[in-house]
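Trainee: Each chain is listed here by its residues.
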Amino acid sequence: MQSTKTSEPIRLKDALLRSRCGAGAVGIGFTPQTVRSAYVHVPFCRHRCGYCDFALVAGRGDLVEAYLEGVAAELAELPWSFELDTLYVGGGTPTFLSPGQLRRLFALLTDRLALRRGAEVTIEANPADLLDARKRAALADLPVTRISLGVQSLDPAVLKTLERDHRPAEIHEVFAALRAARSDWQLACDLIFAVPGQTIASWQNTLQGVIALQPDHVSAYGLTFEKGTAFWSRRRRGVLTELPEDEQLRMYDVAIDRLTAAGFEHYEISNLARPGCRSRHNLAYWTFQPYLAFGPGAAWFVGGVRGTNHRSVFTWLKRVHAGVSPVAEFEILDAEQQARDRLWLGLRLREGVELETFRQETGFCVDELLGARLREHVQQGRLTVCDGRLMLTREGLHVADSVFADCVG
Amino acid sequence: MKTEQIRNFCIVAHIDHGKSTLADQFLLKTGAISEREFREQLLDDLDIERDRGITIKAQTVALRYALDGVEYELNLIDTPGHVDFHYEVSRSLAACEGALLLVDAFQGVQAQTVANAYAAVEADLTIIPVLNKIDLPVTRIDEVLEEIETVLGLDPSEALLVSAKTGQGVDALLQAIVKRVPPPQGRPDAPLRALVFDSKYDAYRGVITYVRVKEGTLQKGQRIRFMKSGTEHEVLELGQFRPGMVACDRLTAGQVGYVLTGIKELGQVHVGDTLTDAARPARVALPGYKKPQQMVFCGMFPTNSTDFEKLRDALQKLSLNDSSFTFQPETSDALGFGFRCGFLGMLHMEIVQQRLEREAGIDLVQTAPNVTYEILTRTGEVLRIDNPQQVPDAGQIAEFREPIARVTFIVPAGNIGTVMQLCEDRRGVYRSTEYLGPERAQIVYELPLAEIVYDLHDKLKSATRGYGTMDYEVIGFRPADLVKMDILVKGRRVDALSTIVHRSVAERRGRALVKRLKKEIARHQFEIALQAAIGSRVIARETISALRKNVTAKCYGGDITRKRKLWAKQREGKKRMKQFGEVEIPQKAFLAVLEAGQDD
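Chains as they are written, first to last, in my numbering: chain A, 1 to 409; chain B, 1001 to 1600.
None of the hints are false.
Away from chain B, derived, C-beta distances all over 10 Å, residues of chain A:
{"id": "1", "residue": "11"}
{"id": "2", "residue": "60"}
{"id": "3", "residue": "103"}
{"id": "4", "residue": "172"}
{"id": "5", "residue": "228"}
{"id": "6", "residue": "257"}
{"id": "7", "residue": "356"}
Taking lysine-lysine and the DSS-like style, the derived pairs with C-alpha atoms no more than 25 Å apart in a straight line are:
{"id": "8", "chain 1": "B", "residue 1": "1165", "chain 2": "B", "residue 2": "1179"}
{"id": "9", "chain 1": "A", "residue 1": "227", "chain 2": "B", "residue 2": "1549"}
{"id": "10", "chain 1": "A", "residue 1": "13", "chain 2": "A", "residue 2": "318"}
{"id": "11", "chain 1": "B", "residue 1": "1490", "chain 2": "B", "residue 2": "1518"}
{"id": "12", "chain 1": "B", "residue 1": "1310", "chain 2": "B", "residue 2": "1264"}
{"id": "13", "chain 1": "B", "residue 1": "1569", "chain 2": "B", "residue 2": "1549"}
{"id": "14", "chain 1": "B", "residue 1": "1588", "chain 2": "B", "residue 2": "1518"}
{"id": "15", "chain 1": "B", "residue 1": "1565", "chain 2": "A", "residue 2": "227"}
{"id": "16", "chain 1": "B", "residue 1": "1002", "chain 2": "B", "residue 2": "1029"}
{"id": "17", "chain 1": "A", "residue 1": "227", "chain 2": "B", "residue 2": "1519"}
{"id": "18", "chain 1": "B", "residue 1": "1519", "chain 2": "B", "residue 2": "1549"}
{"id": "19", "chain 1": "A", "residue 1": "227", "chain 2": "B", "residue 2": "1569"}
{"id": "20", "chain 1": "B", "residue 1": "1588", "chain 2": "B", "residue 2": "1310"}
{"id": "21", "chain 1": "B", "residue 1": "1490", "chain 2": "B", "residue 2": "1515"}
{"id": "22", "chain 1": "B", "residue 1": "1310", "chain 2": "B", "residue 2": "1200"}
{"id": "23", "chain 1": "A", "residue 1": "227", "chain 2": "B", "residue 2": "1563"}
{"id": "24", "chain 1": "A", "residue 1": "13", "chain 2": "B", "residue 2": "1563"}
{"id": "25", "chain 1": "B", "residue 1": "1549", "chain 2": "B", "residue 2": "1490"}
Source of the hints: derived by calculation from the structure; they are not laboratory data.
Built from N, CA and C at the ideal position, the CB exists for glycine as well.
Let the sequences and hints guide you as you build the complete structure.
Mentor: Here it is in structure tokens:
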């Protein structure tokens, strides 16, 4: 099953209009009201860390103004106004922006995208940036409800390998300061494990320390070596050695065990949250909800069309300022592809996919999509059916990509 | 056209010595093409030939050339230059009276040059030695002339110096062709005898038969008979290649051209057959050719079993234009239904495989090639084995025989030791060494063909930094201590991975092979044992550990497409895999047998 691609460039706006008219949208009566999520990519960092392959430029504060105008241009072309339940400002490093620039960004966003009552508004933050009281104050004035901190580790050696610019002690300081600034903020921690040189003991200490900080949400990501990053070539040259697979798996298991024992719910492959504190924005991805997206490399999904903006910050800037579509690629998913995406994304969640609902809403049976592979995965203990839901087993989590690849067909 | 005004000649040369460029120069100088049309390798019209810079099929062109007020017809018959296509060369030679022996003025005489020159001498042709590429900044003209004398026994003072690239010396060469190559014999009024020296299939015109009229006259509308196959046809069209097909009314004794008879299948036209007049037939046919013998075999299986019919059609279509490869249905436990294909050599095999994939769009799994063996059974029967599956139980074998080839190397004198070592390692039997000059030597060995086809050519090239060349001819079968080695994947024998090896190297090969397979087969969700065995005795073992981790933690901020693309790419890689039980074996693994020899 191949995605349909046409040679015509498509804008987010085209996708919206197209889906409104029924072309491209399969089976779902699309209205602007069904789009409740938006992602904004802030492509700035002080420094590009060796493992990072995200769309960003390092140390180019001079481009922020042009970027803000670019976001404004992208927003201006939306054909309707939207009311959001979730807004996610990610990066890069959003907190690289000055307090004034942050205020302007949010003003631009909320001008075109209304926030519904109780909306979740997340901003990603580099802990070191929030040592600055003015930045904390700026965030407190914005409609932000959730701060996702790039903690990564509490081991100085690991932080050094990862090229992060904060010290473990500063994490405690930032947590305390944020709690003092706004007690209603949800605080989330991003952690990275399986870093070259990291030991199980170091990882356990980090987990212990993070639990003590009492965050509302923890994401534990295994380090991946991405093509085009410094880590990729360092591994090739033998400067960095990937941890043995067994150790990586042990770290993953330890994280889940420790955090669930501390009261976190393991709700997605890499995500754990206190009851009631799951990331609603990320849930929109996993439950196949539509979302808008702005900024370089940002990916959107509207009316059965998935599009990705150009990943080069400069190309994106050039295009939006010239009034040209910043979309680098897009695909129009047919009914079956939509069903397949919905299946594997749903399986990322521990609660899995409700089979009957899936069949009714997509028109496809999981059996017909997975064929013989379904039985194989069930027999070999990677998938299980429980109360009418298909879900990954604890063992299945370890090889989830193999299962997902089969879902995609 | 009077026979005194006709000259038929071919160019024989080592690969890359500039044969096609010289042919293009002839076309240009005689006005057959314009300067604009003069482009490299004009005569090679198959894509793959162009890609690889080699000629596979013989091509022919009729040139008009005026000298001293007389117009001559020069028929050039282009020949393939690779060792796999020897038989094509000998075919072309039979249609000529003269041969240009083209030698690179720097590289000098090469193994292939020697083989071709001998063939031309044997065919009683007038040979004109030609040194090409004299425009190069570095040449060894004097040494190369000496080599021509020592190795080929030709008079170096008769050699002409040309640059096919710039055109220098080409006029003098054309004059030499007229003056030195004898005109063809044969009376135009004798009973017709025309040699079929090649044939080609054209989707619109059917079979195009290439002929050289030896005696008599061939005319449009004439009722003709193929003397060997006995079939009769009407001449619908005949003509010459100039270089495109140009129809004419008749071809008389000495001329070269094509005939269309409405035959639709290449198999109905036998190269080497003689055309004669049905009403006034000649009494004796011309001497024909030996049918080429396929010496290298491999299995070709569609990756997707539903493509079987498609593969059959594609093979049939290909064989329309290349009657020198054979195919017959084969069944493998591991690979399902496919075909056992026979080729003249390794290059021939590669070319056919590429054409199948390119022109028919079929994904293929190809098994490692093997040569033809002979087995004398205890009951006195001689079996011809072109597939390891056919090897009977050891108890039934009285004698296992393998094909032996006589291999001629021409190498820089400094590399003699290395090349001899290469041959000794491959069970070679030394025959002779001869110095061609102070710098270069010719070495002759008798080697098992199996040892040659796999990698000897590549090894020779790297051992001599590209300066060594080789040529071989199969001289017969000899008994050897051979065994069938099987490969077991997760306890099951994969028939397509079985090979025939010499007992003395079996263990080493077995170890190298399972090691190699371990690299090629991806980890699965379970452990996979890889074993090499002779009969029931396991001689080597490796284990592929189970895949335990395959999960991407992050989902790239909603960039689902990217993740999916990654899987699509992996899937693309899987397309060339074959499901064997629970194990997926990639195409490359089936060829690992080849490379395993290099690891030791």
